[in-house]
Amino acid sequence: MRVEQISVFLENKSGRLAEITQVLADNAINIRALTVADTADFGILRLMVDKVDEAKKVLKDNGFTVGKTNVVAVEVPDQAGGLASVLKTAETEDLNVEYMYAFVNKSGRNAVLIFRFDDMDKAIAAMQGAGFTLLDGAQICGL
Amino acid sequence: MNWEEIEKLPRPGLESIQLQRLQKLVHRVYATVEPYKKKMDEAGVKPGDIQSLADLRKLPFTTKDDLRDNYPFGLFTVPMDDVVRVHASSGTTGKPTVVGYTANDIEMWASVMGRALAMAGVTRGDMVHNAYGYGLFTGGLGAHYGIEHLGATVIPVSGGNTKRQITIMRDFGSTVLLATPSYALNLADAMADVGVSPGDLKLRVGIHGAEPWSENMREEVERKLGIKAVDIYGLSEVIGPGVAMECLETDHGMHILEDHFLPEIVDPDTFEPLPYGESGELVFTTLTKEAFPIIRYRTKDISRLIAEPCACGRTLVRMEKVTGRTDDMLIIRGVNVFPSQVEHVLMGVEGVEPHYQIEVNRQGNLDTMSVLVEVSEDVFSDEVRVLENLTKKIQVEIKDLLGVTCAVKLVEPRTIQRSEGKAQRVIDNRKL
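Protein chains in written order, with the numbering used here: chain A, 14 to 156; chain B, 3 to 434.
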């Protein structure tokens, strides 16, 4: 149960994020979630969108370096301890989190946690084994 | 004949020495080094064809490519048992250019370097602060042996640790400074920081080379250190430092030690020899080297030969300060850097032809090099760690290959300007 995420290389210069979101808007691509990892010299934009392949293509056509990665989306109740319980499982299973970000769905009852683990197969098995709900791409777009 | 007499010989006398040595060299090289023999045969020239110095033009040129093709020792003319030292400098790609010396070569090098120092007024009584790097680079050791040969005292301080250098200069009473011009300026600025003024030092003369420098820089070195600054020229393929040197009587041109190194200026496009006074590519033939003689080596340095008599009385022809290069070689903090070397590293790391640009700046008195690399899909990752490791790896490999520390900056695709479809590889912002 993997979800595709796209990532874009960003130089630290003004207007780049605006340009990316405009390209997506012009192509009627909806952003479900995003996060920017930044260093002193560059940034990496990670995006969950409704049309992954199309987003990748239009960004590439506009001169960006784009990657596609598999991540896991875990749905947890939006209440204290939601994230902690997932991380507890990851720790028990000796899984390393490369990065993560989260958003709350429209109903407000659940939170969606996006993870990139060092060992994705093991992570999926562990999360499912621990009884967590994993979402697929269509489900995320439907939220 | 002692060297003072040789340096003041009327030209016909000097030229007859040069011709005898050239003829001997060509015979020996033809008989002992297969690649030279092959090139001469292809050009249809035999050693016996060299009847005058003007016949030099019949001989084929030697280039850095020849050195690379015969890496590492293929152009040596003596068995390795007779080679007592090797030095190496940057090749145009991964392989360095290797040169070798017999015991006689080391002795000859020490003597020409000693004579060069004497042109700058250095004597046995001097305390010589040698801040050229010691190692594979010919600068440090080449100067070192020349200083000892002259009988002066050498302080083999090498490069780096600037504050300690200033303390040593003050406490030991250094009278002569050997350093790249940019390092001399760096020392001058650091002196101000540690509260040492030129008046606290006994420095009298600075001998600066191994990188391009302007008359403005000379004026700055002289003013900040309170010394007379002179220019020295050399390159490892010919011998190292001590090929040509400015005397104290002129600030226009360096006397070439012509009894050992035969200069020519050729048209950079047609390679036809040009008369004295005309600007072109500098070409050298070594007349007396044993282990690694070189015939008509194209230096890629642009200069001019000056035949007018010098006030010092030496009849040795002078070469003008090098005004440029016929190739894209950069000199960063005294180290030769070819863009093709950087490309070689990037290809190794990325596995594909990279889009990159080298940016050179002078911050304070030191050159800095940045390499901008466009991030392709092949190397891109959504993990910061992976991209940071990539920049670190490029940095380490460039340092390993070139010996120069550089900054590596990842940039977006198509950020590097392309003119007529070809990227501009080098942006040199230094104002020399």
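Because the hints were derived from the structure by calculation, they are not lab data. Treat the hints with care, since some could be wrong.
To be verified - The following label-pair restraints were derived from C-beta to C-beta distances: (1) Asp54/A x Gly137/B: 50 to 58 Å; (2) Tyr73/B x Asp54/A: 57 to 65 Å; (3) Ser378/B x Lys119/A: 55 to 63 Å; (4) Asp51/A x Gly137/B: 39 to 47 Å; (5) Lys40/B x Asp51/A: 42 to 50 Å.
Stated by the list, open to error - Straight-line Cα separation of at most 20 Å, SDA-like style, residue types lysine to any residue; simulated pairs: (6) Lys26/A x Thr393/B; (7) Lys26/A x Val386/B; (8) Lys64/A x Ser98/A; (9) Lys73/A x Ser378/B.
By construction, the Cβ of each residue, glycine as well, lies at the ideal position given by its N, Cα and C atoms.
Here's how the hints hold up against the structure:
{"no.": "1", "hint": "Asp54/A x Gly137/B: 50 to 58 Å", "in the structure": "violated, 32 Å"}
{"no.": "2", "hint": "Tyr73/B x Asp54/A: 57 to 65 Å", "in the structure": "violated, 37 Å"}
{"no.": "3", "hint": "Ser378/B x Lys119/A: 55 to 63 Å", "in the structure": "violated, 38 Å"}
{"no.": "4", "hint": "Asp51/A x Gly137/B: 39 to 47 Å", "in the structure": "holds, 40 Å"}
{"no.": "5", "hint": "Lys40/B x Asp51/A: 42 to 50 Å", "in the structure": "violated, 59 Å"}
{"no.": "6", "hint": "Lys26/A x Thr393/B", "in the structure": "holds, 19 Å"}
{"no.": "7", "hint": "Lys26/A x Val386/B", "in the structure": "holds, 17 Å"}
{"no.": "8", "hint": "Lys64/A x Ser98/A", "in the structure": "violated, 31 Å"}
{"no.": "9", "hint": "Lys73/A x Ser378/B", "in the structure": "holds, 11 Å"}
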